[in-house]
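Asks: Each chain is listed here by its residues.
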Amino acid sequence: MKKFYAAMVGFGLAAAMAVAQPVKAEDVLRIGVEGAYPPFSWKEADGTLKGFDIEIAEALCDKMGRQCELIEQDWDGIIPALLAKKYDAIIASMSITPERKKRVDFSNKYYNTPAKFVAHKDADYEPTPEGMAGKTVGVQRGTIHQCYMEKVFPDTDLQFYATQEEIFLDLAAGRIDAQISDSIQALEGFLETDDGVDYAFLGGDQFDLECHGEGAGIAVRKGEEELIAALNTAIQAIREDGTYKAINDKYFDFDIYGVESGS
Amino acid sequence: MAETERSPGLLEVIEQFSEEASPIDFILILEHWPLFLEGIWHTVVLVVLALIIGGILSIPLAVIRANRTPVLNQIVFGYVYVFRGTPLLVQLYLIYHGLGQFDFIRESFLWPVLRDAWWCTIIAFVLNTAAYTTEIFRGAIEAVPYGEVEAAKSCGMSPLTTNRRVVLPNALRRALPAYSNEVIFMLHGSVVASTVTIVDILGAGRILNSKYYLAYEGFIAAAILYMILVYFITRGFRVWEKHWHAHLRPREA
Numbered sequence: 001m002k003k004f005y006a007a008m009v010g011f012g013l014a015a016a017m018a019v020a021q022p023v024k025a026e027d028v029l030r031i032g033v034e035g036a037y038p039p040f041s042w043k044e045a046d047g048t049l050k051g052f053d054i055e056i057a058e059a060l061c062d063k064m065g066r067q068c069e070l071i072e073q074d075w076d077g078i079i080p081a082l083l084a085k086k087y088d089a090i091i092a093s094m095s096i097t098p099e100r101k102k103r104v105d106f107s108n109k110y111y112n113t114p115a116k117f118v119a120h121k122d123a124d125y126e127p128t129p130e131g132m133a134g135k136t137v138g139v140q141r142g143t144i145h146q147c148y149m150e151k152v153f154p155d156t157d158l159q160f161y162a163t164q165e166e167i168f169l170d171l172a173a174g175r176i177d178a179q180i181s182d183s184i185q186a187l188e189g190f191l192e193t194d195d196g197v198d199y200a201f202l203g204g205d206q207f208d209l210e211c212h213g214e215g216a217g218i219a220v221r222k223g224e225e226e227l228i229a230a231l232n233t234a235i236q237a238i239r240e241d242g243t244y245k246a247i248n249d250k251y252f253d254f255d256i257y258g259v260e261s262g263s
Numbered sequence: 264m265a266e267t268e269r270s271p272g273l274l275e276v277i278e279q280f281s282e283e284a285s286p287i288d289f290i291l292i293l294e295h296w297p298l299f300l301e302g303i304w305h306t307v308v309l310v311v312l313a314l315i316i317g318g319i320l321s322i323p324l325a326v327i328r329a330n331r332t333p334v335l336n337q338i339v340f341g342y343v344y345v346f347r348g349t350p351l352l353v354q355l356y357l358i359y360h361g362l363g364q365f366d367f368i369r370e371s372f373l374w375p376v377l378r379d380a381w382w383c384t385i386i387a388f389v390l391n392t393a394a395y396t397t398e399i400f401r402g403a404i405e406a407v408p409y410g411e412v413e414a415a416k417s418c419g420m421s422p423l424t425t426n427r428r429v430v431l432p433n434a435l436r437r438a439l440p441a442y443s444n445e446v447i448f449m450l451h452g453s454v455v456a457s458t459v460t461i462v463d464i465l466g467a468g469r470i471l472n473s474k475y476y477l478a479y480e481g482f483i484a485a486a487i488l489y490m491i492l493v494y495f496i497t498r499g500f501r502v503w504e505k506h507w508h509a510h511l512r513p514r515e516a
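Same order as they appear, the protein sequences are chains A and B.
Residues 1 to 263 (our numbering) are what the first sequence spells out, left to right.
Residues 264 to 516 (our numbering) are what the second sequence spells out, left to right.
There could be a bad hint or two in this list.
As the list claims (entries may be wrong) - Each computed EDC-like pair below joins lysine to aspartate or glutamate, with the alpha-carbon atoms no more than 20 angstroms apart: (1) K63/A x D195/A; (2) K474/B x D105/A; (3) K474/B x D74/A; (4) K121/A x E480/B; (5) K474/B x D76/A; (6) K151/A x E294/B; (7) K102/A x E294/B; (8) K86/A x D27/A; (9) K474/B x D155/A; (10) K50/A x E165/A; (11) K102/A x E370/B; (12) K85/A x D366/B; (13) K102/A x D241/A; (14) K474/B x D208/A; (15) K102/A x D366/B; (16) K121/A x E188/A; (17) K121/A x D288/B; (18) K474/B x E214/A; (19) K474/B x E99/A; (20) K474/B x E150/A; (21) K474/B x D157/A; (22) K222/A x D288/B.
Quick caveat, the hints were computed from the structure, so don't treat them as lab data.
Full structure from sequences and hints, please.
Replies: Set out below in structure tokens:
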């Protein structure tokens, strides 16, 4: 009798696993995106998400053979929401930095572009700590740019914003003297638009390894090694088979991946 | 000396609790006290200034409403309706983002004021609180017993003197409990300042959260600070009411 029960339990477990297994494999991978960071990620008037990050996310899901769901989240809460399991990965142009690595793990980079200042084209000051002293600079809260400004430009007044779009609004309105952000984002999201005609980059690339990190990667919760490995393989695969180039060329006229990473 | 060995300092207790027992990093919050101090300063200055200016504005507006002064009454009613009918956040966005869109405003003498997030916020807060306070004071003026007004009249007081000596002192006193609510609502409403780059208490919490990628710490610190401010407001009003409502208390034997 005992054997019978054991067999029943065993059978039941096996049946349950047989049912559970394919469901798990098809488990939807939920991806957090920002949706307010053109050309990497923005929302069309009809509510659909568009942009480089979005297409990269879709291409990676395709390569991993997983169904994905994109979930929009404000930048402010994008890491806390990942930790709270609202989604499983962040594909939102997030730079791989030491400070963030304390909270989350990262895939390899999927692109790397430099940060630059943007100011009125008639600006007559240098983008140095001395030249920017007393100027008001707009910065998106919780970005590599906040880290960089606080570290390297201690005498500059910072104004913090929730989104990059609000910064460009206030720059165009003349409320801030300058802003610092990703150069590609500033170019396509502002300088090449109607609002940005009177504005230009102020100086060259701004870089500090501790703040800017190694480029933008995909963030996942700590300890998800399988997911990281799958993402890294997928990133490499889309680099090799031309999918990356096809997406890249839709948005940019040069390869934004940067130097091939060693790892 | 033995004493210092025995009892760990308060800070160490919190530190230990933070690390071992609590999901919240209290030390991080304490380390950023200058940030929160800046937040408290901005919140308090904004709210106090808005309440003072808005309160002063609302007294004549309330008299106009209560007396049904022709033409002016309709204008004040329209103003009150618009500002009570729309959310404070929308009002602030319209002043901050909306007005900044027009070139003629950007080139006008108003721009040095409207350019500044701080002034935009003060303007929105003053207009908002004045609208609510007008209605509170109007109700209180209408609640003044007519006999008192008649008595003043029969003493030969002009309408202005009647208002100044009889109606307003009486009405403002009666309005105190209702007004204390408006003060607390204004304090809580002031969090919208953080959406236009002002580092108020919530703004400080948001900066802390985003700097260390936290979900709760900044908000919990902000919540506690707001509660402390509300405590002082309610205490203040209790003292005030005790003083100004002394005549309403039952007489002690």
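Asks: Would you mind marking each hint as holding or not holding in the structure?
Replies: Tested hints:
About 38 angstroms separates the Cα atoms of K63/A and D195/A, which puts this hinted pair outside 20 angstroms; it is violated. In summary, the hint linking K474/B to D105/A is supported, as the alpha carbons are separated by about 17 angstroms, within the 20 angstroms threshold. Between the alpha carbons of K474/B and D74/A the distance comes to roughly 15 angstroms, so the proposed pair stays at or under 20 angstroms and holds. For the hint pairing K121/A with E480/B, the CA-to-CA distance comes to about 40 angstroms; that exceeds 20 angstroms, so the pair is violated.
Between the alpha carbons of K474/B and D76/A the distance comes to roughly 9 angstroms, so the proposed pair stays at or under 20 angstroms and holds. For the proposed pair K151/A and E294/B, the alpha carbon gap of about 18 angstroms is at most 20 angstroms, so the pair holds. The hinted pair formed by K102/A and E294/B meets the criterion: a straight-line CA distance of about 19 angstroms does not exceed 20 angstroms. Restraint check for K86/A and D27/A: the C-alpha separation of about 14 angstroms stays at or below 20 angstroms, so the hint holds.
For the proposed pair K474/B and D155/A, the alpha carbon gap of about 19 angstroms is at most 20 angstroms, so the pair holds. Our distance criterion of 20 angstroms between C-alpha atoms is met by K50/A and E165/A, whose separation comes to about 15 angstroms. Of the supplied pair hints, the one linking K102/A and E370/B is violated, its CA atoms being roughly 48 angstroms apart against a limit of 20 angstroms. Restraint check for K85/A and D366/B: the C-alpha separation of about 46 angstroms exceeds 20 angstroms, so the hint is violated.
Under the criterion of a C-alpha separation no larger than 20 angstroms, the hint pairing K102/A with D241/A is inconsistent with the structure, at around 33 angstroms. Straight-line distance between C-alpha atoms of K474/B and D208/A comes to about 17 angstroms, which keeps the hinted pair within the 20 angstroms bound. Restraint check: the Cα-Cα separation between K102/A and D366/B comes to about 46 angstroms, which exceeds 20 angstroms; the hinted pair is violated. Between the alpha carbons of K121/A and E188/A the distance comes to roughly 17 angstroms, so the proposed pair stays at or under 20 angstroms and holds.
At roughly 44 angstroms between alpha-carbon atoms, K121/A and D288/B are farther apart than 20 angstroms, so this suggested pair is violated. Simply put, K474/B and E214/A have alpha-carbon atoms about 19 angstroms apart, close enough for the 20 angstroms limit, and the pair holds. Our distance criterion of 20 angstroms between C-alpha atoms is met by K474/B and E99/A, whose separation comes to about 9 angstroms. A distance of roughly 11 angstroms separates the Cα atoms of K474/B and E150/A; the hinted pair therefore holds under the 20 angstroms criterion.
Restraint check: the Cα-Cα separation between K474/B and D157/A comes to about 17 angstroms, which is no more than 20 angstroms; the hinted pair holds. Of the pairs offered as hints, the one joining K222/A and D288/B holds, with about 19 angstroms between alpha carbons and a cut-off of 20 angstroms not exceeded.
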